[in-house]
Each structure stands twice: as C-alpha cells, then as structure tokens.
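A.B. asks: Going down the list, the protein sequences come from chains A and B.
Numbered per full-length UniProt numbering, the first sequence spans residues 1 to 145.
Numbered per full-length UniProt numbering, the second sequence spans residues 1 to 792.
Hints are not guaranteed to be accurate.
Said to hold, decoys possible - Label pairs and their in silico Cβ distance ranges:
(1) R198/B to V25/A: 32 to 38 angstroms
(2) Q125/A to L4/B: 31 to 37 angstroms
(3) E14/B to H92/A: 47 to 53 angstroms
(4) D493/B to L108/A: 44 to 50 angstroms
(5) E17/B to G106/A: 43 to 49 angstroms
(6) G462/B to T9/A: 52 to 58 angstroms
(7) L104/A to P405/B: 50 to 56 angstroms
(8) L108/A to E96/B: 29 to 35 angstroms
What the hints assert, rightly or not - Once the Cα atoms are required to be at most 25 angstroms apart in a straight line, the calculated SDA-like pairs of lysine to any residue come out as:
(9) K212/B to S49/A
(10) K443/B to G36/A
(11) K465/B to G36/A
As the list claims (entries may be wrong) - Selected chain A positions facing chain B (Cβ under 8 angstroms, derived; list incomplete):
(12) L28
(13) S32
(14) S45
(15) T53
(16) T64
(17) D78
(18) W112
(19) L113
(20) P114
No wet-lab data here; the hints were simulated from the structure.
Just so you know, these numbers come straight off a predicted model, no measurement behind them.
Every residue, glycine too, gets a C-beta built ideally from N, C-alpha and C.
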Amino acid sequence: MEQLYLLATLAGTRVAVETGEVEAVVRLNDISPVPGMAAHVAGLSALRSRVLTIIDVSALIRGTAAPAAQRGFAIIADISGHSYGLMVDAVHDICQVPDGGLPLRGQLDPAWLPYARAIVEHEGQPHLLVSLASFVEMGSLAQAA
Amino acid sequence: MDDLLQEFIAETQETLEALAGEVVAWEADPGDRDRLDAIFRFFHTVKGSCGFLNLPRFERLSHAAEDVLSEIRSGNRSADPATVSAVLGIMDRIAELAEAVAVGAALPDENDDLLIGALSARDDKGSAPEEGPAASPVAGQPVRQGGAQAVPRTIRLPLSLIDQLMNGVSDMVLARNELSRQLRERSGDPELESAFERLSTCVADMRDAISKTRMQRVDRLFTAIPRMVRDLGRELGKRIDLVLEGGDVEMDREMVEMVVDPLTHIVRNSIDHGIETPEKRRALGKPETGTLKLEARQSGNQIVIEISDDGQGIDTQKLVEKAIAADRLTRDAAARMSEAEKLDLIFHAGLSTAKQITAISGRGVGMDVVRANVERIGGVISLDNQPGKGLRIMLRVPLTLTIIPGLIVRAGGLHFAMPRAAVVEILHDNNEMLRIAEIGGAKIATIRSVRHSMIDLEDVLGMEKLPQSSPRTIMVVRSGTGVPYAMGVAAVDNHEELVIRPASPLIMASGVYAGMTLPDNGRPMLLLDAAGLANAAELPNIADDCARRQAEEEEAGEAATEMVPALRFEELSGERRLIKLSLVERVEDIDADLFGRSGGRAFVRLDGRLVPVVNGVHSFDTPHVSALRIRDGAQEACYPVAAVLDIVDMPIVPDMVAMQGVLSGVSVIDGEHLEVVNPFALFAALPGEALRAPSRGRCVLADGDDGWTREILAPLLRQAGHEVVLGLPDDAPVDPRDIVLSSGPDVAKAAEILGCRVVQLRASPRPSGPQDGSIYRYDQDALMAAIAGAGR
C-alpha cells in the first residue's frame with residue numbers, strides 16, 4: 001500500500017498526515033483573533049475569499065498557545081464543509097512511505113493519544129500518523145468541556 | 001449503477017415532495033384527471049425504474065398503488081379518503097425507503113403488506129388487478145400547458161458545485177478589486193481602463209446571476225403544507241380549507257430551510273388551537289369548514305409570509321392567567337397591561353393557551369421558539385389577533401440570509417459586526433438620557449427611565465477594555481427573547497451591507513457568534529449573536545413589567561414638564577445664573593463698539609436697530625462680547641454676559657423663591673447654587689417703547705402691494721438701517737418723523753397733508769419736467785440722500 005504522506009512538525013513532534021486530507025499548505029499572514037474562544041482557536045484568516053478557522057494545535061496538545069513569532073505555516077483542510085488551517089511548526093516533505101502505517105508502540109503521551117493513529121517511518125525516523133479531522137473534533141470537545 | 005441509483009433516489013424524492021400537495025388536491029376533487037395522472041405516472045415510473053435497479057420493495061409498493069390508481073382511472077373505484085390515505089401511506093413508505101437507500105442505511109424492516117392491505121381494504125368490488133398496467137394512456141396523455149404540473153426546464157446540480165461557483169465569483173471580485181487598486185496607482189491609460197471597466201461589469205453581472213442560483217420559489221416552503229393540513233385535519237376531526245398564495249415569490253435557499261420549521265409550527269398551532277371543530281363552528285355561526293390561508297409576497301428586501309385562519313384567535317385572558325399561575329406576572333401588573341402586551345405573552349417560554357397538551361402542538365415547544373428562530377435569521381414576527389374571529393401571523397424575513405445590513409462595532413481593538421435589525425438604539429455614554437449604575441458587579445443602564453441589563457462586549461468576550469478618549473457607545477440590543485438589553489462597545493464605526501457566511505462549528509459552538517463576514521480589507525470579521533451574548537452573560541431574562549415602566553415613564557414625563565431647560569451663564573460680574581432657555585433667541589458675539597449709551601440707557605445696535613441692554617452695561621474691555629438675545633414675544637433685549645456655560649434642566653419654580661431685582665430665586669443644579677433670572681423683572685425694567693435711532697424715522701412705503709417696492713426697495717432700506725413699514729398704516733397714526741416713499745402723486749399729496757415728508761419715486765430715468773421733484777428709483781445715492789434730507 002503506497003500512500004502519500006505530508007511530513008511536518010507539530011507541537012515539537014514529527015507527524016505525518018495523509019495527503020488526502022490536506023488541501024494546501026500556506027504561509028499564514030494575518031490572523032484575526034476570535035475572543036471568547038478556547039486558546040486553541042487562534043482566530044480567522046482569509047485565504048483569498050475563503051475564511052479559515054485557524055487552530056493552534058500546540059495549544060490543543062500542550063495547553064500553551066504558540067508564540068506569535070512562530071506562526072509560520074498552516075495546513076489547510078476541508079473538514080465537514082468548513083475550511084480550517086492547522087498551525088504547524090514546520091513542513092518537511094511529501095513522500096511515499098512503502099510500509100504505510102505501523103502499529104503504535106511504546107507508551108504514548110496521553111496528550112497525543114486522541115490524535116495518533118499509527119506510526120509512519122520515513123528515512124529511519126518515526127512519525128506519528130495523525131488525522132486533521134481529529135484535531136477539529138477534539139477541539140470542539142475540549143471547548144464544550 | 002451507483003450513479004443511476006443516486007439519480008433515481010434524488011428524482012423520486014423530488015417528485016414525492018412535489019406530489020404531496022397534488023394528492024391532497026386530488027382528494028378534494030377526485031374528478032381532476034390531471035392530478036390523478038400525475039400521481040399514477042409517479043408510481044409507474046418508480047415501478048419501472050426499480051425493476052431495473054433491483055429494488056423489490058419499491059416495486060411491490062408502487063405496483064400496488066398503481067393498481068388502485070388505475071382502477072380509479074378506469075372508474076371502477078372512487079377516490080375516497082381511505083384510499084387517499086392508503087396511497088399517501090405508500091408514498092411515505094417509498095420516501096422512507098428512498099431516504100434509507102440514499103444514506104446507505106439498512107432498509108427499515110416494516111411490513112409493507114399492511115400498507116398494501118390498506119389499499120385494497122375498500123376494494124369491495126374485487127375487480128381483478130390489471131396486469132401490465134396501461135402504459136399507453138400515460139404516454140398518450142397530452143400535457144396540458146398551464147396545468148399544475150407544468151414545470152420549467154431545469155437541470156439538477158449538486159449544491160457543492162453552486163457553492164464552488166459562488167466562491168469562484170467571490171475570488172474574482174476580490175481579484176478585480178485588487179486589480180482596480182493597482183490600476184489606480186499606475187497612470188491612467190483610457191483604453192486599459194475601458195477594458196477593465198468592461199471586465200468589471202461582466203464580473204458584477206456574473207455575481208448577480210450566481211446569486212440568483214441561490215434563490216428558490218416559496219412553493220418549496222409550501223409543498224409540505226397541504227399534506228400536513230389534511231392529515232392534521234383528519235386526525236382532529238376538523239375541516240379545513242387551505243389557500244396557498246404567492247408560491248412564485250423567490251427567496252434564498254437557506255432562508256427557505258430556516259423558515260420551514262417556524263411555519264410548520266404556526267400552521268400546526270393554527271389547526272390545533274385556532275380552528276374549531278365543525279360542531280363548534282356551526283354553533284358559533286361560522287361555516288363548518290375553517291379557512292387557513294398562507295400567503296407569501298415580497299416587500300422591498302423582505303419576504304412577508306402571512307398565515308391567517310378564521311378560528312378562535314388567542315384568548316389573552318387565558319394567557320394572562322397562565323402567566324400569573326406560572327409566577328411570571330403579578331395580578332397588579334396584569335391589570336395594567338395593554339391588549340398588545342397581553343398578546344405578547346404568547347411569546348414567553350412555557351405559556352400556551354392550549355388547555356391540554358396534544359400530540360400536534362403544545363409539546364413545550366411554543367411560540368417563544370418560533371420567535372427565536374425567526375429572529376435568528378433577522379426576521380420579525382407579529383400577530384393580529386381577533387378573538388373569536390381568527391388570528392393572523394405575519395413573518396417578515398429578509399430576502400436573503402447572506403446579505404444583511406450590519407453595524408461594524410469596535411471593542412477591545414477588534415471589529416465585530418452586529419445585525420442592524422437587532423439594534424434598537426445607539427447612544428454615547430455621556431448622553432444625558434443615559435445613566436449607568438453598577439451594583440454588585442451588575443451593570444444597569446437606565447435610558448429615559450427604562451432600566452436595561454447592561455453588558456460590555458469586552459467583558460462577555462473576555463477581552464481587555466482599551467483606554468479611549470472618546471465616549472463609549474451604548475447600543476440597546478433586542479435579544480432573541482425580546483427583552484432588550486444594553487451593550488457597551490468602544491465605538492460603532494460603520495454601517496454596511498455584509499455578506500454573511502457560516503462560521504465553522506468550532507466557532508459557532510461558543511454561542512456568541514452568528515457567522516462571519518469578509519470585508520474588503522480582507523480581515524475576517526465575526527457577526528455577533530445578540531441573543532447568544534445575552535445568554536453568555538447570563539442576563540436575567542425577566543418579562544418586564546411594561547405597564548409599570550410606562551407609568552414610570554409617564555411620571556417622568558410629568559416631572560419633565562415641571563423642569564424647563566435653562567441656560568447656565570456667567571454674569572459679567574462673575575455670578576453664575578440661570579435663564580429660561582425659551583427666552584433666549586440666540587447667543588452671539590457682538591462687537592463691543594456697537595454698544596452705546598443714550599439718555600441713561602445702554603443700547604446696542606443690532607441689524608440696524610437699537611436694542612436695549614438689560615443690565616445697563618455699555619463698555620467692555622474685550623473687542624467682542626458674548627450676549628444673549630432675549631425676547632418676550634414683542635420686545636427684544638440684549639443681555640451681555642461673561643460666558644455661556646451650558647444648558648441644564650431647572651425646576652420651573654426655583655428651589656428657593658427670593659424675588660429681588662432681576663432675580664426670582666435660587667435653584668440647585670448639579671450641586672451648584674445658581675441664581676435664576678426673573679424674566680418679568682428683566683423686561684419690566686426696559687424702556688416702554690423701543691429705542692429708535694435718533695436720526696431716523698420710519699420709512700413708510702405707500703405702495704406696499706407693489707412688487708418692486710416690496711422686493712427691491714424695502715430690503716434696500718432695511719439694509720441701510722431704516723425701519724420699513726409696508727403700506728400706509730390704516731389705523732396707527734403716521735408719525736411726523738416718518739418718511740413716506742411713494743411712486744404715485746396722489747398718495748404723496750395725502751401724506752403731505754398729514755404732515756409727513758415725502759420722497760417721490762419715478763420709474764423713468766429722466767424727470768418728466770422741470771417741476772418734477774421725484775427721484776429715479778434706481779438712483780440709490782439720490783434716494784438715500786433724499787431720505788436722509790427729509791429726515792432732518
């Protein structure tokens with residue numbers, strides 16, 4: 001099973017995202033904050049005529065918002081009809097991984113547990129396979145809680 | 001195969017929707033061949049398609065229905081209500097099955113035999129079912145133009161494609177704006193500009209056309225109604241005549257979706273609680289069949305949907321009793337309520353006039369929810385209640401959800417949009433009509449003696465309040481439940497038509513935002529939800545005692561009549577005093593040179609007249625003097641002051657009455673003791689007759705009716721500082737000092753007899769003879785000299 005993965009660094013952890021989920025990767029410029037929201041909702045950003053809801057993933061995982069200076073790239077995804085931008089620390093590569101997803105091993109940080117689905121190995125480095133939709137779903141749960 | 005199946009399901013669902021109304025209409029008039037054919041055609045199509053697609057249950061159901069219908073067509077059977085119900089049952093089952101296939105769920109495993117059995121229940125004639133149902137009559141049936149089934153040519157498009165188109169056009173508009181900005185910066189090449197202009201027009205046209213794809217006929221809103229009315233009517237044993245009008249009005253697709261629920265609810269209410277049973281109606285002398293009328297029409301950029309019935313209307317007394325029983329209202333307050341306010345109680349949660357909860361309505365979801373839903377989309381609901389005769393409910397909803405007029409407000413350094421419809425009033429926090437009190441953390445804004453809960457937007461959204469020099473703005477906002485509250489924001493910046501799009505669920509979940517918009521500056525902006533903000537702030541949602549409030553307002557109104565506006569000023573001598581504002585004609589800075597003194601009285605020359613100065617001051621240190629021009633109706637006076645401070649309300653009777661000189665007493669305004677000027681004493685001290693410039697008499701213009709005299713001569717003389725009287729005074733004595741100006745010799749003679757000096761004017765430049773002492777009327781110098789000479 002040859003699957004294309006986008007490799008990125010998210011909240012200091014190497015992750016892989018199935019490219020089917022990814023619409024684009026853009027450099028974030030302006031984020032209009034949305035007051036009254038949980039910390040992981042960084043705000044809104046316009047991508048041409050679309051409005052993205054920007055999610056600060058590191059705030060979701062670590063509980064601390066990414067400093068404004070580090071706001072670089074965002075992965076754009078269309079999740080249940082709405083456009084989201086997930087802030088990432090860095091984007092490395094898009095590549096095919098021959099092995100595909102491997103089962104999770106070791107004791108995973110509970111913070112990552114809801115998002116990690118498998119391990120993807122690339123050039124000897126393990127990457128957590130995450131689903132972008134899970135960040136959005138968990139995001140709304142975290143908010144409701 | 002999959003595509004075919006999807007298409008079949010979509011087509012079936014759509015036809016079903018359109019047919020629901022047809023079946024009911026057909027029941028009412030079983031002889032209507034067109035409708036029967038349409039229904040027959042539907043079952044026939046379904047049967048044919050599902051045989052091909054291998055959907056046995058569809059096939060069995062449609063086959064059974066088709067059999068019955070063909071019997072009716074051939075006249076072997078009549079369309080009695082039981083049959084119609086059975087046919088409708090089959091249609092419902094087909095809809096359920098279609099739904100199940102569409103979502104890929106397991107087909108609901110219910111016994112179709114029951115339904116099919118119901119079809120043949122009345123089949124007492126026992127005629128053999130027709131095998132291979134007649135396809136030919138269907139094919140051969142001429143399609144009647146203008147009939148109910150005449151459908152415009154359409155194609156089916158996925159919604160996502162239309163949304164994609166919309167987005168594409170929006171992108172295009174943004175790109176055009178950017179291009180236009182860049183073109184403006186560069187030098188103007190007319191050819192380039194005209195080409196751009198053309199492109200621009202095309203883009204705009206395209207946007208209009210695309211927005212039209214969002215529009216849908218209101219018919220769609222009405223499709224489910226006939227069926228519902230029929231079913232409910234049968235269930236409740238009521239006979240209802242349904243009238244639908246204005247189905248061809250178009251409104252936004254999303255809006256249609258939003259209105260369906262409130263409308264359904266109102267119709268249910270109407271049938272359940274409004275229209276009486278035939279027996280009761282007969283007893284009341286009404287026709288046994290009740291009428292329910294749904295009407296849609298466009299009114300400006302609003303769609304008005306009117307639902308009227310001729311039922312019993314709303315019993316407001318019952319409502320009031322319910323409210324009292326529920327501790328929502330005191331008897332006292334109820335007694336003071338107006339009929340409209342009582343009626344308004346129907347929109348309060350948990351109040352319903354239904355004696356008992358029925359299956360149809362009154363399940364706890366009441367008119368409060370209907371109103372909340374209508375208001376959420378920027379609509380308004382109003383009632384016209386005629387107890388015993390009927391009820392008319394009007395829904396006014398905006399034409400489109402996506403473009404709404406909005407206010408751009410600023411708070412905590414961010415901009416937000418607020419639907420214009422939700423804002424009742426805007427005022428600055430330094431407005432005198434507004435008082436903000438803070439108690440135990442709660443803020444109360446009292447505006448014209450109406451108390452509102454107050455919140456600051458920054459507090460609700462957890463933002464920091466930025467310091468600002470200008471006054472903050474208070475908006476009175478009507479929340480979804482109808483209780484207005486005050487909301488403080490840093491400022492209201494703008495008023496715009498906003499294109500609203502839904503925000504992501506993550507943001508909507510916060511409950512305080514209703515959507516978002518992307519203004520031209522490219523920075524997304526959130527649309528605030530008025531009701532959501534009130535909920536988030538946990539504002540008490542008290543049914544306000546309007547009557548008491550009104551009484552208070554009236555009281556306040558009475559109090560206000562006892563207060564009169566007064567001008568606070570500083571005397572030249574430094575005291576602060578008040579004078580009734582109505583006496584002051586205006587306040588102006590007067591040249592100190594114009595003040596003078598004559599005969600022990602001070603006067604000032606204003607507009608060529610001498611006006612007495614009330615406090616006798618006539619020399620000043622400054623070149624200009626602030627002065628109040630006061631007037632008692634006839635007499636005018638000038639009141640030089642050191643400074644005019646402001647306008648305040650003072651009691652009409654001073655707090656301490658002390659008649660002394662020009663003062664009538666002392667009033668305390670804002671903790672300051674101020675002497676109140678007594679206007680009576682002020683004018684009484686003035687000289688009895690108006691001062692007159694010593695060198696000048698009046699100019700009496702004998703030919704007062706003459707246009708030239710009135711329009712040209714009189715203003716000229718007034719400008720020169722003369723007092724002008726038009727026409728010879730009939731009763732008043734002509735003063736010997738007056739100068740009479742006249743163009744006719746006879747008047748001149750009469751005036752001379754009276755002892756006045758006369759200046760004769762003539763229209764021709766040349767004198768008529770050597771004896772002619774008249775002056776050419778355009779010879780200004782000579783004229784002025786003559787008047788001055790005559791006056792001497």
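A.B. asks: Taking the hints in turn, state whether each one holds.
C.D. replies: These are the hints, each one checked on the structure:
Between R198/B and V25/A the Cβ separation comes to about 37 angstroms, which falls inside the hinted range of 32 to 38 angstroms. Look at Q125/A against L4/B: about 48 angstroms separates their beta carbons, and that is not inside 31 to 37 angstroms. Against the hinted window of 47 to 53 angstroms, the Cβ-Cβ separation of E14/B and H92/A comes to about 49 angstroms, which satisfies the hint. The hinted window of 44 to 50 angstroms between D493/B and L108/A holds, with their beta carbons roughly 49 angstroms apart.
For E17/B and G106/A, the hinted distance range of 43 to 49 angstroms is not satisfied, since their beta carbons lie about 56 angstroms from each other. With their beta carbons about 30 angstroms apart, G462/B and T9/A fall outside the hinted range of 52 to 58 angstroms. For the pair L104/A and P405/B, the supplied restraint of 50 to 56 angstroms holds, since their beta-carbon distance comes to about 53 angstroms. Roughly 45 angstroms separates the CB atoms of L108/A and E96/B, a value that falls outside the hinted 29 to 35 angstroms.
Distance restraint check for K212/B and S49/A: the Cα-Cα separation of roughly 19 angstroms lies within the 25 angstroms cut-off, and the hinted pair is therefore satisfied. Proximity of K443/B to G36/A is assessed by CA-CA distance (about 20 angstroms); at most 25 angstroms being required, the pair is judged to hold. Distance restraint check for K465/B and G36/A: the Cα-Cα separation of roughly 14 angstroms lies within the 25 angstroms cut-off, and the hinted pair is therefore satisfied. Of the supplied interface hints, the one on L28/A is violated, with its beta-carbon coming no nearer than about 13 angstroms to a beta-carbon of chain B, more than 8 angstroms.
Contact between S32/A and chain B, as hinted, is supported at the beta carbon level, the nearest pair being about 5 angstroms apart and thus within 8 angstroms. Hint status for S45/A relative to chain B: holds, with the closest Cβ pair at about 7 angstroms, below 8 angstroms. Annotation: T53/A was flagged as interfacial toward chain B, and the flag holds, the nearest CB pair being 4 angstroms apart, inside 8 angstroms. Given the 8 angstroms rule on beta carbons, the hint for T64/A is violated: about 17 angstroms separates it from the nearest Cβ of chain B.
Here the hint on D78/A is broken, as its CB sits about 11 angstroms from the closest CB of chain B, past 8 angstroms. The interface hint given for W112/A is violated, since its Cβ lies 20 angstroms from the closest Cβ of chain B, which is over the 8 angstroms cut-off. Look at L113/A: its Cβ only gets to about 21 angstroms from chain B, farther than 8 angstroms, so that hint breaks. At its closest, the beta carbon of P114/A sits 16 angstroms from a beta carbon of chain B; the interface hint therefore is violated under the 8 angstroms criterion.
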